[in-house]
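Chains as they are written, first to last, in the numbering used here: chain S, 493 to 874; chain Y, 14 to 440.
No lab work stands behind these hints: they were computed from the structure.
Every residue, glycine too, gets a C-beta built ideally from N, C-alpha and C.
Take the hints with a grain of salt, since some may be wrong.
[As the list claims (entries may be wrong)] Listed next, the stretches of chain S that the computed footprint assigns to chain Y, with coverage defined by at least 3 CB atoms under 8 Å from CB atoms of chain Y:
#1 552-564
#2 604-613
#3 709-723
#4 805-817
#5 823-831
[Claimed, not checked] Here are the computed lysine-lysine pairs in the DSS-like style, where the Cα-Cα straight-line distance is at most 30 Å:
#6 Lys202/Y x Lys772/S
#7 Lys223/Y x Lys431/Y
#8 Lys28/Y x Lys178/Y
#9 Lys396/Y x Lys223/Y
#10 Lys772/S x Lys167/Y
#11 Lys420/Y x Lys827/S
#12 Lys217/Y x Lys303/Y
#13 Lys791/S x Lys181/Y
#14 Lys832/S x Lys803/S
#15 Lys270/Y x Lys217/Y
#16 Lys361/Y x Lys548/S
#17 Lys361/Y x Lys167/Y
#18 Lys46/Y x Lys217/Y
#19 Lys791/S x Lys303/Y
#20 Lys303/Y x Lys827/S
#21 Lys223/Y x Lys46/Y
#22 Lys202/Y x Lys614/S
#23 Lys602/S x Lys640/S
#24 Lys635/S x Lys167/Y
#25 Lys420/Y x Lys210/Y
#26 Lys303/Y x Lys602/S
#27 Lys122/Y x Lys614/S
#28 Lys548/S x Lys420/Y
#29 Lys849/S x Lys548/S
#30 Lys827/S x Lys187/Y
#31 Lys167/Y x Lys640/S
#32 Lys614/S x Lys200/Y
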Amino acid sequence: MAFDLSFTRAREWKSQDKDRVLVGHMPVYFPREIIHAANGLAVGILGGGDKKLIIKGDAYYQSYICHIPRSIIELALDKHFEGFDGFIFPSICDVIRNLSGMFQLLGEGKFVKYLDFPQNFKYHIGGTFYRHELQTVLDEVYKLNGVKVTTARLNHSIGLFNLNRHLINQLYDIRQEFPWRLTAADLYHVVRAGNVIPVEEHNEILSEVVQLIGEEIGDPMDKIRVLVIGAFCEQPPAGLIRTIKLAGCYIVEDDFLLGLKWIQGDIDTDSAEPLEAITKAYLDKSPLSSSVFDVGNTKEARLVDLIRHRKVDGVIFAAPSFCDPALLDHPILQKECNDKNIRFISFMYSENTGQFKVIKEQVGTFSDSIKLWDEPVLADSL
Amino acid sequence: MSKEVAKERSMIIQKEMITRLFKELSGARETGKKVVYTFVPGNISELILSFDMLPVYPEINALQSGMRKKSGEYIRNAEQHGHSEDVCTYVKCDVGMMLNGNIGPTGEKIPNPDLLLLSYTGCFTFLKWFETLERLYPGVPIAMLHTPYQEAHKITPDMTAYMVKQLKEEVIPKMEQVSGNKYNEEKLKLMLQNSSKVEDYIIKIFDTTKNRPSPIDAYFAGVYYIGPINSGFRGTPEAIDYYAELYNEILTRVEKKLGPITPEGEMEEERFRLVVEGPPNWTHFREFWKLFYDMGAVIVASSYTKVGGVYDMGFRVNPDKPLESLAEYCMNCYTNLNLQQRVDLLSKCITDYHADGFLVNSIKSCNSFSAGQLMIMQQLERKLEIPIGFIESDLVDPRYFSYSNIKNRLESFFQMLKQRKMIQTLP
Ligand code: SF4
Ligand code: SF4
């Protein structure tokens, strides 16, 4: 289900009521609450991964552009998005930005919106702008189904997505202590499914998994704990996540599906102005991300906080080839790791990579070298 | 083609202007003038100059390093410091230049910034670039000016209001603090009057390519023509003088029915008229240009010359509404237009300037230009049934300039244009 490129469940959900709408959104973050409140389903589009053969997409992109836009175009041309009413392209980079124009030129959906996230974090400046951007999305949906987004509806939706993030965080918290209870690949599947099914159903699945891994299952193994960073947009193939495990690592923190856990904490569910609450949450509670200009809260400090919080032994910088946002952050973050004596490795991948032999060897050597150091590396240095 | 290349007066004026600016920059520490690093697209030099500060454009430094054959080494240095091979080479060239003492094109040291003005217009990499510089120059304040993208094919009042608020509450206070001067709106208005005149000249200059032969090359020479307005002279009287002189020279060429000036003299026969999309290659600029003028190909319009502002559709800065106007200027830069707008603008250029062909120079570094270019080609081919050519290179990374590859592709393209012309002239 998590990798269903036909979006079966989403279409089925839409077919049950004529006022329902499907709005596809690209990585990284989009406040799905607002679509939910408008009787819609926001569907996360994460490219074709290694499950879609690219034939036409390569005619749209030069070889030195990352892979995800070509697989998204391939999906569009092969009618995978039939039944989708609109598309949102959150600002993250020029590739995604220009992809919004390509969707407009292809006439995909009834609306295509590039969602410009503010880089000014004062409420009356960037907040006002962002709130207006969100209202524009709601206006588009209203034109399609006439559903009025009331305060009560939006507050209700906010609550459901608060719960969703809460459950995802719980999974990460449990795995931090007991990573053997659920593999990183299984966790990835469970979380990723949230992109393509209604939040109510996802919350049920997450609750069950939380319960399941709340009890002891499986056996601890001698693996190091790592944090993977840089994979927030074009997704690593599932085989790569498994390879990291096979090479001796428990992934206890990652940014694979960062958008689903974007807001750090809850959004107010009692606000008389819920759009304002969503806006404020973006301004004040966004995570460490390549798409956010980090005024007064530097990304290297945030990375160190995360390392401390998750008690990891090392960091894996994994970025899609040609991804400017991730790759330009890495020297900054890696310098911090060097300065703080935090061990790391880095490599690049593409969503359709099939061979992981070299990566397995690299990660294996990394994990072995950490295992050989018998004292905790981070404790003193942080 | 004549090999005698006499410098036109405008070229001498431009050289003097740039030399003076770099001299002023190298003496900034002694004179106490503050230095602001910023970007070409959405470069609000008028505001910087109104505070008596001096602008520095890391992109211009990078392209100059490319032309001076220094960029290869700088890029390698940046890669040795952890930068990936896969990212924008302007950033790496700038980082490398800084690691090598920040020596500018005139051989003098460019002073460190007192303020980083992140005019984040039309390119996400700018954000990452200044995050990098912020670490290389610890403690230097950053003023962010986020320019919303023209995603809905227009500038809305909310977009303008957002930018004006950023100018008022973020950019201007930081400029006041750094420069020690108060914001002077009257001074800014006067500078905007100057800019508006220069914008008129720029349009008139690039419009002369309607003539046959075209008196100028709007890409290879065009990048020199936009030099002053994109490197710190927006709003200055010198810019008006320069552009007035340049325009007069070009008018004289039109009267005499002369073709463009190239590094090897006048181009005598105009065989092909092209519109080019994408930045040029700087490391092999002369060789690259020669491939065109040797074939009698003249560029009658290019998107790259609009990167620091698009005036073709009527936009001019309005001195009566200075901040609104600066905001709209930023939002109107070429890479801040969405793809449909870019297709429309290129299509207008192809039609207005009677181009025989459309060529894309796809730059490995630059997603802002490159992502979507193949679709732009498809659209224009379908809409105008014009021959399309495609070459690839990089801005400043010499490893990505393959002379023979580009030459082969261009020869096939010119062959196609020739055949088409022959067919068109058949009775
Ligand atoms: S992988 Fe990176 S460069 Fe590619 S679309 Fe995503 S954020 Fe942009
Ligand atoms: S990506 Fe393009 S526009 Fe952006 S900094 Fe690099 S060369 Fe300039």
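Hints, one by one, checked against the model:
Residues of the region 552-564 of chain S with a Cβ under 8 Å from some Cβ of chain Y number 6, which satisfies the need for three, so the listed coverage holds. With a cut-off of 8 Å between beta carbons, the region 604-613 of chain S has 6 residues touching chain Y; three or more are needed, and the interface restraint holds. Given as covered by chain Y, the region 709-723 of chain S fails the check, having 0 residues with a CB less than 8 Å from a CB of that chain where 3 are the minimum. Check result for the region 805-817 of chain S against chain Y: holds, 6 residues qualifying (beta carbon to beta carbon below 8 Å, three or more required).
Given a C-beta distance limit of less than 8 Å, the hint that chain Y covers the region 823-831 of chain S holds, as 4 residues qualify and 3 suffice. For the hint linking lysine 202/Y to lysine 772/S, the alpha-carbon distance of about 36 Å lies beyond 30 Å, and the restraint is violated. Restraint check for lysine 223/Y and lysine 431/Y: satisfied, since their Cα atoms lie roughly 20 Å apart, inside the 30 Å limit. A hinted pair counts as satisfied when its Cα atoms are at most 30 Å apart, and lysine 28/Y with lysine 178/Y does not qualify at roughly 37 Å.
At roughly 21 Å between alpha-carbon atoms, lysine 396/Y and lysine 223/Y fall within 30 Å of each other, so this suggested pair holds. Distance hint between lysine 772/S and lysine 167/Y is fulfilled; the C-alpha atoms sit about 27 Å from each other, no more than 30 Å. This hinted pair does not check out: lysine 420/Y and lysine 827/S have alpha carbons roughly 42 Å apart, beyond 30 Å. A hinted pair counts as satisfied when its Cα atoms are at most 30 Å apart, and lysine 217/Y with lysine 303/Y qualifies at roughly 26 Å.
A distance of roughly 27 Å separates the Cα atoms of lysine 791/S and lysine 181/Y; the hinted pair therefore holds under the 30 Å criterion. The hinted pair formed by lysine 832/S and lysine 803/S meets the criterion: a straight-line CA distance of about 14 Å does not exceed 30 Å. This hinted pair checks out: lysine 270/Y and lysine 217/Y have alpha carbons roughly 17 Å apart, not beyond 30 Å. At most 30 Å may separate the alpha-carbon atoms for a hinted pair to count; lysine 361/Y and lysine 548/S meet this at roughly 29 Å.
At roughly 18 Å between alpha-carbon atoms, lysine 361/Y and lysine 167/Y fall within 30 Å of each other, so this suggested pair holds. Between lysine 46/Y and lysine 217/Y, the direct Cα distance comes to roughly 35 Å. Violation of the 30 Å bound is thereby established for this hinted pair. Distance restraint check for lysine 791/S and lysine 303/Y: the Cα-Cα separation of roughly 46 Å exceeds the 30 Å cut-off, and the hinted pair is therefore not satisfied. This hinted pair does not check out: lysine 303/Y and lysine 827/S have alpha carbons roughly 43 Å apart, beyond 30 Å.
For the hint linking lysine 223/Y to lysine 46/Y, the alpha-carbon distance of about 43 Å lies beyond 30 Å, and the restraint is violated. Straight-line distance between C-alpha atoms of lysine 202/Y and lysine 614/S comes to about 28 Å, which keeps the hinted pair within the 30 Å bound. Restraint check for lysine 602/S and lysine 640/S: the C-alpha separation of about 19 Å stays at or below 30 Å, so the hint holds. Taken as a hint, the lysine 635/S and lysine 167/Y pair is honoured in the structure, with Cα atoms around 20 Å apart against an allowance of 30 Å.
At roughly 40 Å between alpha-carbon atoms, lysine 420/Y and lysine 210/Y are farther apart than 30 Å, so this suggested pair is violated. A hinted pair counts as satisfied when its Cα atoms are at most 30 Å apart, and lysine 303/Y with lysine 602/S does not qualify at roughly 47 Å. At roughly 37 Å between alpha-carbon atoms, lysine 122/Y and lysine 614/S are farther apart than 30 Å, so this suggested pair is violated. Proximity of lysine 548/S to lysine 420/Y is assessed by CA-CA distance (about 27 Å); at most 30 Å being required, the pair is judged to hold.
Restraint check: the Cα-Cα separation between lysine 849/S and lysine 548/S comes to about 29 Å, which is no more than 30 Å; the hinted pair holds. Using a Cα cut-off of 30 Å, the hinted pair lysine 827/S and lysine 187/Y holds, with the two alpha carbons roughly 29 Å apart. In summary, the hint linking lysine 167/Y to lysine 640/S is supported, as the alpha carbons are separated by about 27 Å, within the 30 Å threshold. Taken as a hint, the lysine 614/S and lysine 200/Y pair is honoured in the structure, with Cα atoms around 29 Å apart against an allowance of 30 Å.
The structure fails to meet hints 3, 6, 8, 11, 18, 19, 20, 21, 25, 26 and 27 from the earlier list, while all remaining hints are met.
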